Each structure stands twice: as C-alpha cells, then as structure tokens.
Amino acid sequence: MTGVREPLLSISDLCVDYITDDGNARAVNKVNLDIYPGETVGLAGESGCGKSTLAFAIANLHNAPALITGGKINFQGRDILTLSPEELRQFRWSKASMVFQSAMNSLNPVITIGDQLVDVVLAHETISVTEAEKRAIAMLDMVGIHASRIKSYPHQLSGGMRQRVVIAIALILRPKLIIMDEPTTALDVVVERDIMDQLYDLKEQLGFAILFISHDLGLMGQITDRIGIMYAGQMVELGETEGIIANPQHPYTQGLLSSFPTIHGPKERLEGIPGNPLNLLDVPAGCYFQDRCSQCDTICIDVMPNIEVLQVPDERQVACHKVSQGDAL
Amino acid sequence: MLSHPVIKFLRRFYSGNMAAILGTLIVSTVIIMSAFASVIAENDPKKRVARGHQPPSAELLLGSTRSGKDVFSQVLHGGQVSLMVAFGAALITITIAICVGVSAGYFGGRVDEFLMSLTNIILVFPQLPLLIILAAFLGQVGPVVIALIIGLSSWAWGARVIRSQTLAVRNKEFILAAEVMGESKWRIILFEILPNLISIVVGMAMGTCIYALMAEAGLGFLGLGDSTIVTWGTMLFWAQSNSAFIVGAWWDMVVPGTAIAIFGGGLALLNMSVDQISNPKLKTGSYIKTWRRMKTEVEARRAQS
Amino acid sequence: MNQLTEATMVEQVVTNETGSQSVEVENLVIDFALDNALFNRQYMRALNGVSFSIKAGEAMALVGESGSGKSTCARTLCRLYKPTDGVLKLNGRDINASGSKMTQTELAKQIQMIFQDPFGSLNPVHTIRHQMYRPIRIHMPELKGDAIEDYMLSILERVGLSPAKQTADKFPHELSGGQRQRVAIARALATGAKFILADEPISMLDVSIRLGILNLMADMKEEGIGFLYITHDIATARYFAERTGVMYVGHMVEWGNSDSVTQNPQHPYTQLLISAVPEVGRKRGNATVDGKKSQIPLWKPDSKGCPFAARCPKVTDQCHTEMPSVTEVAEDHFVRCFAL
Chain Y
1 MTGVREPLLS ISDLCVDYIT DDGNARAVNK VNLDIYPGET VGLAGESGCG
51 KSTLAFAIAN LHNAPALITG GKINFQGRDI LTLSPEELRQ FRWSKASMVF
101 QSAMNSLNPV ITIGDQLVDV VLAHETISVT EAEKRAIAML DMVGIHASRI
151 KSYPHQLSGG MRQRVVIAIA LILRPKLIIM DEPTTALDVV VERDIMDQLY
201 DLKEQLGFAI LFISHDLGLM GQITDRIGIM YAGQMVELGE TEGIIANPQH
251 PYTQGLLSSF PTIHGPKERL EGIPGNPLNL LDVPAGCYFQ DRCSQCDTIC
301 IDVMPNIEVL QVPDERQVAC HKVSQGDAL
Chain F
1 MLSHPVIKFL RRFYSGNMAA ILGTLIVSTV IIMSAFASVI AENDPKKRVA
51 RGHQPPSAEL LLGSTRSGKD VFSQVLHGGQ VSLMVAFGAA LITITIAICV
101 GVSAGYFGGR VDEFLMSLTN IILVFPQLPL LIILAAFLGQ VGPVVIALII
151 GLSSWAWGAR VIRSQTLAVR NKEFILAAEV MGESKWRIIL FEILPNLISI
201 VVGMAMGTCI YALMAEAGLG FLGLGDSTIV TWGTMLFWAQ SNSAFIVGAW
251 WDMVVPGTAI AIFGGGLALL NMSVDQISNP KLKTGSYIKT WRRMKTEVEA
301 RRAQS
Chain U
1 MNQLTEATMV EQVVTNETGS QSVEVENLVI DFALDNALFN RQYMRALNGV
51 SFSIKAGEAM ALVGESGSGK STCARTLCRL YKPTDGVLKL NGRDINASGS
101 KMTQTELAKQ IQMIFQDPFG SLNPVHTIRH QMYRPIRIHM PELKGDAIED
151 YMLSILERVG LSPAKQTADK FPHELSGGQR QRVAIARALA TGAKFILADE
201 PISMLDVSIR LGILNLMADM KEEGIGFLYI THDIATARYF AERTGVMYVG
251 HMVEWGNSDS VTQNPQHPYT QLLISAVPEV GRKRGNATVD GKKSQIPLWK
301 PDSKGCPFAA RCPKVTDQCH TEMPSVTEVA EDHFVRCFAL
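Line by line, the protein sequences give chains Y, F and U. Position 101 of the first sequence, counting from 1, maps to 101 under our numbering, and the rest follow consecutively. Position 203 of the second sequence, counting from 1, maps to 203 under our numbering, and the rest follow consecutively. Position 165 of the third sequence, counting from 1, maps to 165 under our numbering, and the rest follow consecutively.
If you are wondering where the hints come from, they were derived from the structure by calculation, not from laboratory data. Take the hints with a grain of salt, since some may be wrong.
DSS-like, lysine-lysine: derived pairs with alpha carbons at most 30 Å apart [to be verified]: (1) F:K172 with F:K8; (2) U:K314 with F:K172; (3) Y:K267 with U:K101.
Which residues of chain U face chain F? A few of them, derived with a C-beta cut under 10 Å, are [what the hints assert, rightly or not]: (4) F32; (5) A188; (6) T191.
Per label pair, the in silico range of CB-to-CB distance [unchecked claim]: (7) Y:V110 with U:N96: 21 to 29 Å; (8) Y:G243 with F:K295: 37 to 45 Å; (9) U:E322 with Y:R174: 47 to 55 Å; (10) U:T84 with F:L118: 30 to 38 Å; (11) Y:V110 with U:R93: 51 to 59 Å; (12) F:S15 with U:K300: 58 to 66 Å; (13) U:M44 with Y:D13: 27 to 35 Å; (14) F:F137 with Y:V110: 41 to 49 Å; (15) Y:S152 with U:S66: 16 to 24 Å; (16) U:D146 with Y:G243: 52 to 60 Å; (17) U:M44 with Y:P284: 34 to 42 Å.
Remember, predicted model here, so these are calculated numbers, not experimental data. For each residue, glycine too, the CB sits at the ideal point set by N, CA and C.
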C-alpha cells in the first residue's frame with residue numbers, strides 16, 4: 001500500500017517552541033510524519049503532548065508566543081512554511097482544511113449557515129452567488145442536513161448538527177486533506193457515532209485524507225488506518241492501527257491502552273500510568289518518559305532514544321531503547 | 001526576603017514595563033512633594049510675598065499670582081488638598097461600587113433587580129451638570145463636601161463592571177464548593193469572590209482617581225468650591241478671574257494645569273501597566289522581544305536553505 | 001413536639017447502631033421555570049420521579065447524556081436546588097423537613113460534592129493550605145493550632161499527595177489537573193463526610209490520570225465512604241460502581257446491579273448507548289442498535305408517555321400515552337419499558 005505512492009503531506013523534523021518568560025518550551029520535538037492520499041492517520045496523546053500544536057503548524061496558524069523553529073512541512077512537494085501570504089491563503093481550505101476543537105462554537109452566531117458556506121466558496125472561487133448556493137445545499141445534503149435549514153442560525157441547531165455544518169464547511173472546497181482536532185469531544189456518544197459514520201461515508205465518496213487528533217484510543221482504533229502516539233512533543237510510536245492496538249511496543253502506548261476500562265472485558269483493577277505529565281520547561285537529558293516508565297533502565301536516563309523502524313511484529317516506528325535492544329515487551 | 005512572593009511579583013511587574021516605572025515615578029514624586037510642601041516651599045501660600053504677577057525667577061521659582069502669592073508654594077500646598085479630594089472621592093466610589101456590584105452579582109434575583117435599577121438611574125444622570133447643580137445648591141463647599149459629591153455620583157459604572165465580574169466568578173465550582181461546605185455568605189463574598197476581583201478594582205480605582213481629580217479641578221475652576229482654600233482648581237479659578245493669560249502672566253494658569261496633567265498622566269500610565277498583568281493576552285511581556293528575534297533568525301535560515 | 005424529637009432521636013440511634021448509613025432519594029421531581037412570567041409561567045421538568053439510594057461503602061452510578069438530569073440530582077442532594085416534590089433522606093432523616101430543619105452545616109458534615117472541572121474547583125488566589133483549613137475550621141471547631149495542620153496533612157497523604165507539606169504551600173495553578181482533583185477530594189473528606197457526590201470527576205482529566213483517581217475513590221469506598229458517581233461514560237461506571245442507573249431526559253429508565261445492566265441491557269436506550277461506545281479493540285462494524293433520528297424532547301410537567309418514544313426502534317402506540325411501570329427483569333435489575 002505505502003511506499004510506491006508519493007505522500008500528500010510530509011512533515012520532517014518539525015520543531016515548534018513556545019517562548020515564555022521562564023524559558024522555551026519545545027511543544028513539538030523533531031516530529032516526522034507522512035500522510036498518503038486517502039488514508040486516515042490518527043494522532044493520539046494527552047494534554048501537552050503537542051498534537052494540537054502540530055495540527056496548527058500544518059496550516060501555519062501559529063502566533064506569538066508559539067514559533068516554528070525548525071523542520072519542513074511539504075504538501076505535494078511544496079514547503080508550506082515558505083509560502084507567501086497569498087499562496088498560503090489559497091492553500092488553506094482548498095488544499096487542506098481544519099476542524100477545531102469545540103468547533104461548534106466557531107460558527108459565527110449572526111450569520112446563517114447557508115451564508116457561511118457560500119462565503120467560503122466565494123472567497124476561493126470566482127463563481128456566481130447562485131452557483132455557490134447550489135454547492136452549499138449539495139454539501140449540506142451530503143452531511144445529512146436538510147436543505148430547508150439553510151437559512152437557520154447556528155443557535156437554532158443542536159450540537160451535533162452544528163458539528164456537521166462545520167464539517168461541511170471544511171469539505172466544501174474538496175480539499176485533499178482535512179485535519180480534525182478532537183472533533184467529537186464535546187458531543188454525546190450517540191451523536192458522535194452518527195457523525196463518525198457520516199464522515200466515513202463522505203470519505204468513501206470524496207476520497208480525502210484525514211489527520212484525526214484525539215485522546216480517545218477506542219474511537220481512533222475504529223476509524224484510522226495508521227496511528228501515531230505522541231508524548232511530551234515527540235512521536236514515540238507510529239504504525240498500522242490494528243498492529244498497535246493488538247501489540248503495542250512502547251511502554252507509554254501500553255500504559256495508555258490499559259487506561260480504558262471496557263464494558264465487555266473482564267472486570268479487573270487497572271492501573272493506568274503513574275506520575276504526572278512532563279513539565280516542558282524542565283526536560284531530562286534522556287528519554288522523556290523515564291519518570292513514569294516501568295521499564296526504565298540506566299541508558300534511558302541519560303540518552304534520548306531515536307525513533308527506529310522495526311519489522312517485527314509488523315512495520316512500525318518506535319522510540320525506545322528497550323525495544324530497539326530487542327527485549328521483548 | 002528577596003524571594004518573598006510580593007517582592008517576586010513586583011519584580012515581574014516592573015521588569016521591562018516602561019509604563020509602570022514611569023507612572024510610579026511620576027505619581028510618587030508628586031505625592032511626596034505635596035506631602036512635604038511646607039518643607040520644600042518656605043513661603044506661606046496665602047501670604048503676599050512679592051509684587052503681583054512677577055515672572056519666574058531665582059527667588060520665586062514659578063512666579064507670583066495677581067495678589068503676589070508664591071505660585072510654587074501654592075501648587076505644592078494645593079496639591080495636598082486636590083490629591084486628598086481625588087483619593088477620597090475614589091475611595092467612596094470604589095466602596096459603593098463594590099458593595100452594590102458584588103451584592104447584585106452574588107445574590108441575584110430581587111436584590112439584583114433592585115440594585116441594578118438604582119444603578120441605572122444614577123448612570124442616566126449627566127454627571128457634570130449634576131455636580132455643578134449640587135455644588136451650586138450647597139453654596140461654597142469645602143473639599144470634603146466636594147469629595148462626597150463626586151464619590152456619590154460616579155459609582156454607577158463601576159458597579160456594573162464589578163457586577164458582571166462577580167457573575168463570572170459566582171458560578172465557578174469553587175464558589176459552589178464553598179457553599180456546599182457550609183461557608184457563610186459573607187465569608188464567601190469577602191474571601192472567595194473579592195480577591196478574584198482585585199485587578200479590576202485596582203484599575204477602576206486609578207481611573208476614578210483621574211476622574212475625581214479632573215472633577216475637582218473643574219468645580220474649583222467654575223468657582224463652585226471654596227475659593228479661599230488653595231487647591232489646583234481654585235488656582236485656576238483665580239488665574240482666570242485675574243485674566244492671567246491675557247496680561248501675559250502665563251505661569252499663573254499653566255502651573256496648576258500642568259500639575260494636573262502630570263499627575264493624571266502618571267496615573268494613566270500606571271493604569272495601562274496594570275492592564276498588562278491582569279490581561280496576559282495583550283502580549284507585551286519581555287518574551288515578545290525574544291519571540292521576534294527568534295522569528296527573524298528562523299526565517300533567515302529557512303530562506304537560505 | 002417532645003414526642004417528635006424523641007421519635008427522631010430513636011430513629012437516629014437505631015440507624016447508628018445497625019451501622020447502615022445511607023442517602024435515599026424518593027420520587028424526586030424538579031421543575032425549572034423557563035421564563036419570568038407572572039401568569040401562566042412555563043416550566044420544564046428536569047427530573048421526573050427519580051428514586052435511588054447510596055449506601056456507605058458502595059458506589060451508585062448515574063449514567064446519561066447531557067440534559068439527562070444527573071447533575072441536577074447531585075446538586076439537589078447538596079441543597080443547591082430545591083425539590084418540587086419528593087423526599088431526600090440522610091440516614092433516615094428528611095433533609096428538607098420544615099419541622100426540624102437540618103442546617104447546611106449539619107448536612108455538609110455528611111454529604112460533600114466534587115466537581116468536573118479541576119481548574120475551576122479551587123480558588124486561584126488561595127493556597128491549598130487555606131482551602132483545606134476552611135472546612136476543618138468550620139466542621140471541627142474542637143481542633144486547634146497544630147492539630148489542624150496535622151489533620152490536614154494526614155488527609156492530603158491519604159489522597160496520595162506527597163509530600164503533603166509542599167503541596168499545601170502551593171497555589172492551584174502550580175498543580176496538575178490530577179493533583180487538583182485529589183485536593184478537591186481531600187477537601188470533601190476534611191469535613192468528615194461519609195457520602196461524596198462525584199459529578200463527572202474524571203472527564204476533564206488526562207486519560208492516564210483517570211484511573212489513578214478512580215482507584216483512589218475505590219480505596220475510599222473500602223474505608224466506608226459512599227459515592228454517587230455521575231458520568232456519561234458507562235464503561236467507568238461499570239468499573240467503579242456496584243450499582244448503575246441509566247437516565248434519559250430526567251427519567252431513570254433502567255437501574256440495578258452494574259454488571260447486570262451493562263452486560264444484559266433491557267431498555268432500548270441502554271442498548272443504544274452501549275452499542276455506540278467505541279471500545280479499544282472492537283472494530284467499527286454494524287451497529288447493533290440504531291436509534292431513529294429525532295431531537296431529544298423537552299419534558300414538561302404535563303408531558304405524557306415514555307420520554308424515549310420518539311427515538312425508540314421498538315415503539316408502540318402505548319408508549320406515547322402511558323409511562324411504563326417498573327419491571328424487575330432479574331435480581332436487582334429494573335427496567336421501565338413496555339417492549340420487554
């Protein structure tokens with residue numbers, strides 16, 4: 001599947017820092033990630049791991065105090081970070097669009113949803129208003145909203161419907177890549193499932209790639225092809241979803257997977273991961289996970305592990321000394 | 001001592017904050033000079049010490065008024081009264097605004113409705129005409145009454161602001177937790193809600209000070225204050241009645257005016273700088289400079305490769 | 001008057017002797033006004049005849065989505081809301097009885113609450129020590145001086161915050177989300193409360209921290225504290241609570257032993273809820289239950305029938321007009337549904 005095709009988005013050695021009065025916090029630390037056309041890649045991790053920062057960096061949306069201090073983001077061959085403002089404006093939304101966290105609150109409350117969709121189309125393409133309205137109605141239909149709601153204001157729609165509108169806005173220009181940052185966190189679980197089903201159907205129809213960012217590994221396990229796990233700004237494990245869920249290699253991934261109580265599994269006491277998240281202003285010289293890792297060794301304390309490609313049990317990238325040493329985990 | 005939280009806070013507040021440093025300097029200089037007026041200026045401000053309308057010289061630093069009184073001495077002694085009126089009025093305003101605003105915000109319901117109606121009525125009154133009418137009605141009023149009048153008529157807007165801040169804090173979980181804990185309502189207001197309003201209150205205090213200063217000067221200038229007492233406002237009044245500008249004795253008018261402007265400006269600078277710490281999103285800390293420098297470096301590197 | 005007091009005292013003694021402390025909610029009804037009209041004021045019914053009990057040393061979970069009324073239950077138990085109808089009992093005593101009114105202090109000694117937002121539940125301007133001292137000063141006036149400090153340190157250690165003295169010196173913004181939630185639990189324990197109402201205590205915490213808090217609460221359960229655990233995550237309800245109640249639009253539609261309710265759900269809403277939860281290791285497949293697309297209804301005091309009727313795949317005509325009665329489908333497993 002992979003390897004022969006050119007990646008749609010290629011992030012290499014990306015570093016994003018937050019400049020504060022107390023020092024520089026490196027929120028994204030030399031991350032490498034490729035996304036191929038039409039695939040769904042998940043990015044999992046907890047607060048402070050850098051996944052949202054990474055998402056913002058792809059669309060070059062960062063303002064002070066965040067700064068992209070290194071690396072390249074190549075989209076179809078061109079480095080986004082070197083685009084001029086006009087090229088960047090064209091890139092945003094027609095090539096890659098974004099659905100933010102609690103996006104349902106990012107709809108303009110005084111403009112009807114139909115107008116918001118039409119505005120997006122007219123901002124990028126020179127077509128007539130009637131044409132744009134037709135596109136808007138077609139798009140709303142695709143996300144499961146009846147055409148009669150085109151004159152509704154956001155507050156007249158439920159949370160789930162607002163989220164569908166946001167997805168419609170993200171897709172109306174048929175971008176190749178859509179970045180979704182915790183799109184369903186604020187929604188009830190039944191509504192969430194409906195939206196995810198709808199998204200899947202849309203993906204089959206339109207063929208876009210998705211970068212899906214969330215902390216909910218259960219949800220990601222269901223919809224992603226590949227998944228990357230981030231901790232304290234670094235990518236610690238990256239590979240095919242099924243493989244990672246069945247056979248996690250990095251201790252953090254293992255801990256994370258055992259932090260979800262199940263409905264149908266055996267009823268036993270789970271432990272989660274001890275300790276607290278890392279303070280990015282005070283990082284150790286060695287592995288960032290050392291304070292919380294059950295497998296921590298002397299080498300882990302002093303030397304930062306590099307991310308390495310493994311072939312067993314399946315093709316995977318893992319950043320862990322114990323794994324690369326060949327210790328079965 | 002150096003690591004005491006208050007000292008740390010002050011260091012963070014002042015580092016790189018030009019507005020704060022300047023403002024504090026100006027305000028404290030004016031206050032100190034006024035406080036030690038009798039030491040610095042030897043002449044009695046009410047005594048005639050020279051011929052009328054003498055220009056500034058080595059003996060009379062800022063010249064003399066029409067009646068031969070020392071302008072320098074007057075501006076320093078007058079400062080005492082003007083500043084006391086300004087601080088007094090500000091204190092009255094803040095106290096009433098807090099009482100009304102916090103009660104309305106915390107208790108809600110009927111109390112809120114009643115207090116807000118009262119506030120709206122006061123707000124609707126045009127302030128300066130009200131002040132003028134009150135002062136004229138009461139005749140020649142001394143500084144204390146002036147302070148009272150100003151204080152009692154300008155609390156309305158502050159009350160509204162404090163009320164909305166209180167509403168924002170009131171429904172936070174730590175207030176609910178205190179109620180569930182069995183804390184008395186008064187303790188909750190005084191110790192849980194009020195400390196969260198400090199940055200708003202401080203900013204409001206400074207704004208009110210400036211307003212009260214101007215109001216006192218305005219009333220004095222119009223002759224509505226007690227013109228036998230020396231304040232910056234009455235200095236302006238006498239200068240005006242003696243046509244100081246027209247006869248060329250500019251110092252009579254400019255000196256009190258400048259004093260007001262300088263002190264008001266210092267307070268305004270302090271007000272701006274308090275804003276910076278209470279609203280971190282204003283992006284004016286020292287880290288911004290570092291950010292800009294690094295951004296140019298990174299972009300240069302990127303353009304080369 | 002004397003007879004009444006005696007009777008109450010006897011009841012209390014009996015309860016204490018047999019050691020069965022409990023909080024009981026019977027037929028709780030709560031209406032909220034939708035407007036401020038003087039005549040013909042419209043009300044919405046947030047809770048419609050909810051009954052459950054919390055026993056010391058046990059956890060009762062209330063599961064439901066937003067708007068189901070689960071938070072309202074908890075807040076009413078703390079007297080943040082007044083019930084429109086129904087009885088709330090603490091150890092057999094009606095907490096809202098007009099005769100011998102229970103003061104807020106008395107209630108606070110027994111029932112405390114922890115909230116969802118770890119960032120909002122501590123006052124940002126006070127140190128942890130100050131916030132811990134308040135409940136101790138109010139509820140344990142016999143402790144003085146060093147005794148208060150020692151008591152506070154012991155509670156902080158009990159919730160897993162060591163070193164306790166360093167933590168007590170800090171401000172809330174210097175602690176992580178998980179640590180703040182532990183402080184909230186410590187503060188609730190400091191009053192000597194036997195019952196803790198936990199309103200979504202872990203949903204705003206990082207995933208790896210959640211289990212730490214849940215396990216802490218499980219340890220406290222062993223020591224005899226009773227929990228009301230409110231959540232939208234039915235998996236953690238099963239993990240932590242012995243009994244679970246499923247709520248929909250202010251009604252309890254299915255309740256009983258947690259394992260029985262989650263492994264063998266009978267009510268169509270429970271079945272829909274369970275099939276919609278994404279589980280680690282379970283592939284996205286055909287949903288076992290599909291709800292019909294419909295809005296969640298706004299329940300009014302005069303609304304009739306089963307609240308789930310508009311979305312239920314097994315709906316019949318009877319469901320729109322009559323409220324189903326309670327059926328016991330297994331031992332300690334009750335359902336309100338016609339389609340069983």
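Do the hints match the structure? See the list:
1. Annotation: proposed proximity of K172 of chain F to K8 of chain F holds, straight-line Cα distance about 28 Å (limit 30 Å).
2. Restraint check: the Cα-Cα separation between K314 of chain U and K172 of chain F comes to about 42 Å, which exceeds 30 Å; the hinted pair is violated.
3. With a C-alpha separation of about 43 Å, the suggested pair K267 of chain Y and K101 of chain U falls outside the 30 Å cut-off, and the hint is violated.
4. About 15 Å separates the beta-carbon of F32 of chain U from the nearest beta-carbon of chain F, more than 10 Å, and the hint is not met.
5. For A188 of chain U, the suggested interface contact is upheld, since its CB lies about 8 Å from the closest CB of chain F, less than 10 Å.
6. A hinted interface residue such as T191 of chain U counts as satisfied when its beta carbon comes closer than 10 Å to some beta carbon of chain F; here the least separation is about 7 Å, so the hint holds.
7. Remark: the range hint 21 to 29 Å for V110 of chain Y to N96 of chain U is contradicted by a beta-carbon distance near 44 Å.
8. At about 40 Å, the CB distance of G243 of chain Y to K295 of chain F agrees with the hint of 37 to 45 Å.
9. Between E322 of chain U and R174 of chain Y the Cβ separation comes to about 51 Å, which falls inside the hinted range of 47 to 55 Å.
10. For T84 of chain U and L118 of chain F, the hinted distance range of 30 to 38 Å is satisfied, since their beta carbons lie about 33 Å from each other.
11. The given range of 51 to 59 Å is respected by V110 of chain Y and R93 of chain U, whose C-beta atoms sit roughly 53 Å from each other.
12. Hint check: S15 of chain F to K300 of chain U, Cβ distance near 60 Å, so the stated range 58 to 66 Å holds.
13. As the Cβ distance of M44 of chain U to D13 of chain Y is approximately 56 Å, the hint placing it in 27 to 35 Å is violated.
14. A beta carbon spacing of about 48 Å between F137 of chain F and V110 of chain Y agrees with the range 41 to 49 Å that was offered as a hint.
15. Between S152 of chain Y and S66 of chain U the Cβ separation comes to about 21 Å, which falls inside the hinted range of 16 to 24 Å.
16. For D146 of chain U paired with G243 of chain Y, a C-beta distance near 58 Å keeps the hint of 52 to 60 Å intact.
17. The hinted range of 34 to 42 Å is not satisfied by M44 of chain U and P284 of chain Y, whose Cβ atoms lie roughly 54 Å apart.
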